[in-house]
Amino acid sequence: MSAGGAVRHLYVHLPFCASRCGYCDFVTVVGRGGQHQAYVTALLAELSLEHEVLAPGLESVFLGGGTPTFTAPGELRRLLHALPPAEEVTVEANPETVTPVVAALLRESGVTRVSLGAQSFQPGLLAVLERRASPADVRRAVYALRDVGFDNISLDLIYGIPGQGAADLDADLSEALALEPEHLSCYELEAKQGTRFTHAHGAELARQAEAMESYFERVVARVTAAGYRWYETANFCRKPQLADGRDLRSRHNLAYWRSRDYLGLGIGAVSTIHGRRWRTKPRLGPYLAALAAGTPPPREVEELSAPVRRSERVLLGLRLDEPLALGTGLDRAVDWSAVERLERLGLVRRGDPASDTLALTKRGRFLGGGVTAELLA
Amino acid sequence: MEQERIRNFSIIAHIDHGKSTLADRILELTGAVTGRQLREQVLDTMELERERGITIKAQAVRVSWRDHELNLIDTPGHVDFTYEVSRSLQACEGAVLVVDAAQGIEAQTVANAYLAIENDLEIVPVVNKIDLPQADPDAAAREIAELVGESPDRALRISAKTGEGVEAVLDAIIERIPPPSGDVTLEAPPRALVFDSAYDQYRGVVAFVRVVDGSFRARDPLRAMAQGTRFEAEEVGFFSPTMSAAEELGAGEVGYVITGLKDVSRLRVGDTLTSERRPAGEPLPGYKDVKPMVFAGLFPTDSDEYPELRDALEKLKLNDASLFYEPETSQALGFGFRCGFLGLLHMEIVRERLEREFDLDLLVTAPNVAYRVATKAGEELEVHNPSEMPREVERIEEPYIKASIIVPKDFVGPVMELNTERRGRFDHMEYLSEERVLLDYELPLGEIVLDYYDQLKSRTKGYASFDYDVLGFREGKLERVDVLIAGEPVDALSLIVHRDGAYARGRQLVDRLREEIPRQFFDVAVQAAIGSRVIARETIKAKRKDVLAKCYGGDITRKRKLLEQQKKGKKRMKQVGSVEVPQEAFLAVLNLDGGKK
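Protein chains in written order, with the working numbering: chain A, -14 to 362; chain B, 443 to 1039.
Calculated from the structure, these hints are not laboratory results. Any given hint could be a false lead.
Stated by the list, open to error - If you only want the chain B side, here are some residues facing chain A, beta carbon under 10 angstroms, derived: (1) R833; (2) R837; (3) C993.
What the hints assert, rightly or not - Using C-beta positions, here's what the derived DEER-type ranges look like: (4) K704(B) x G314(A): 56 to 64 angstroms; (5) R326(A) x D458(B): 56 to 64 angstroms; (6) D341(A) x E756(B): 21 to 29 angstroms; (7) G314(A) x A946(B): 36 to 44 angstroms; (8) R326(A) x D705(B): 42 to 50 angstroms; (9) Q1007(B) x A194(A): 17 to 25 angstroms; (10) W321(A) x K985(B): 17 to 25 angstroms; (11) K985(B) x L227(A): 47 to 55 angstroms.
We treat Cβ as the ideally placed atom computed from N, Cα and C, and that holds for glycine.
Can you make the complete structure from the sequences, with help from the hints?
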């Protein structure tokens, strides 16, 4: 199925969810149980339209959602078996969907890594987030995955939930660390203007904003103290010495942060290949119809100019804990007087002149957004 | 026309008491304009004046009534133009004093009546708006009588709106106001008082004059005695109400002289014109070089508009000799001008004209007054900008005013309280009637320029009327308060305050800045200081996090745009040392008194 392209990373979007969580802004589809089959068929049709860009051996495949594990098991299996093999195959899952049967299905279908959306271990906070899983579901899901042999599990946590005190955050971190996941993603809750969630909780979020100021630092301190590497702004993985020498960073996501090309399939999915980015429109109907007719689905295309590509390489690269190499023309994307200023403030570190690299200091990483905005030319 | 049959008069009134309506009726009745020609309020030419109900530039109109030549000289209607009003009154022998039958006399009525009396004018009291249901003509007539020292029966009762009684006003002008009595002999050295001037794009400076002695003709070589400006009269004439050229302007007459001068500041109000051939020995009395008392920085909101602002000020200055401006550079606000005004209303008018007629978006700093300073080195200077106040001074003097406030008696307490807060010194109090009280205070002008007028109005439910006169400079215990952001003094935020209020003011400034300056990558100290002594301090704590939490394949474009936006936001900020301060923060502080309180 693979051809002679160079793209080594594939994203597949499975939009179906049992219900929509209040804070969610991903492309999701609720209550279309009858369309799972048609959708998977369409995905595979899209893959066959695009497969020529893919390299013979893929590094990573990532099934995101939605709730991929909510997809009808037969369809999920059909999809996984039809996708090209890769060194890392990740599937996102909501804890309540990971039964021993689903875990076994994933394992048998070549999945190497599962990313569980735990979000919190406090029932009250899960209710605020409108999550369906209970804390017990999270633990059960992890055990189910371990039982079938998964040795690369990632947990997602959200902090800054309305009503979440510092003690709640500590408890969440303790619960998560106790499950000994290989990987942790910790996100601050983003309350987007105009969402139902912000409408309901905006006042409370504003009230606790000052107290939550320190949560990010707290998360990093706790998780790194437990032997994890803070390898990206919001991502942690067990250090190799605690993981039989394995590098447990998400290979798929590293590809994004290193500005590699990737192909995305499914509604709302984004691809970036050869300086061209396109996003498939998020409506299910037109997607199914186009692919049923053997034509590409409706997409929005964005041409990335050379300066934009350079800026993106800087803004993505600086999210990582490894220095960004500037040699290949990237220095033009950077405002050097800003770098000097930021260096004086102890936020940015330049490598020695020979290596020509740029990295954020620890404090700089906490302020990564503002620092990056300032140092981009 | 022989002087016996000339009458020169002004109409003086508080704002909205009906001066312009009466002027319109007079023009209509005397046939100077027909009803069809009459647009509302003929004398007010500028759009702005009509909206504000005030008159910036005086003009004079000649009408005939019962075989007499009447010259109606319009006076500027506001406190900031007291000197111009006094010159206009100087050009008359009498004044029609108009009082609203429902409102009674107001502070401005009193101030103008006193000015008229000082100029020896015959006053024709008129109670206007007797057609209003709430009119109380008897009470108004009693108040006027009290004010001018005549019997209430002498006050004419009219409705300028309906025209009722206006003929009687014209008759009274002829009967009661004396004719001019200048020297009409042929050899008399001519003298004329310049009571106003205007700039015409095509004809240069047009002087409005009252001939006192002798006569003036076109082609006469003339000289302005106080300023020494020489020019040839290109044309003389009068307004009726349109411009009509005349062969000559004789003693006692009022009219215009086209000077051909290109700059109004060369022919100031109050100067005396005379002939170069037969120059008068003495100028007419009363010329003053009026100096601006209130200063503020004007900056274009968009710094690219600086040249437009400069051109606009140049144009305004052509018509406004009392407007002063010079370039000012502020580290916070960029390039602009420090402008001097006669008073607050003058400032408002200039600002509105700049914004309206020249379509400029302006940022106006908090106004301050002129200070006279003696340095320790023995130097004397005048300071118009707090950031230029020397730090080592021997003595600072500030302008004082005499404020007259008229209020219903129930509000005497709140007004006294306000004046005490503003360092006022009580002078005296008078009952104008059973209900209304006149309060005289001496106050530092600096205490008036911020929000005094608004406070006065709000504490008296709008009933207070206010007028003032500049008394001169007096020493004050004043301090220069500087604001420092991260140790850097911010020029635009320096201010001069009285020692007793310095701490409170410094605290207020610092608190406000702390609210307005966004948190930075490092702690920022915001301080108010007198010299090297810090009187208030706050710290804006450094940001502890500023990250875009999630960033995967689908988010990159949006995150990039967010960062671009953040970058753009940073560019709009003003850099004070290493601190980024949004323009809004300066505005909030500069509007400290004007805005919220």
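Here's how the hints hold up against the structure:
no., hint, in the structure
1, R833, "30 angstroms, violated"
2, R837, "44 angstroms, violated"
3, C993, "6 angstroms, holds"
4, K704(B) x G314(A): 56 to 64 angstroms, "60 angstroms, holds"
5, R326(A) x D458(B): 56 to 64 angstroms, "58 angstroms, holds"
6, D341(A) x E756(B): 21 to 29 angstroms, "54 angstroms, violated"
7, G314(A) x A946(B): 36 to 44 angstroms, "57 angstroms, violated"
8, R326(A) x D705(B): 42 to 50 angstroms, "49 angstroms, holds"
9, Q1007(B) x A194(A): 17 to 25 angstroms, "20 angstroms, holds"
10, W321(A) x K985(B): 17 to 25 angstroms, "23 angstroms, holds"
11, K985(B) x L227(A): 47 to 55 angstroms, "33 angstroms, violated"
In terms of the numbered hints stated before, the structure departs from hints 1, 2, 6, 7, 11, listed from lowest to highest.
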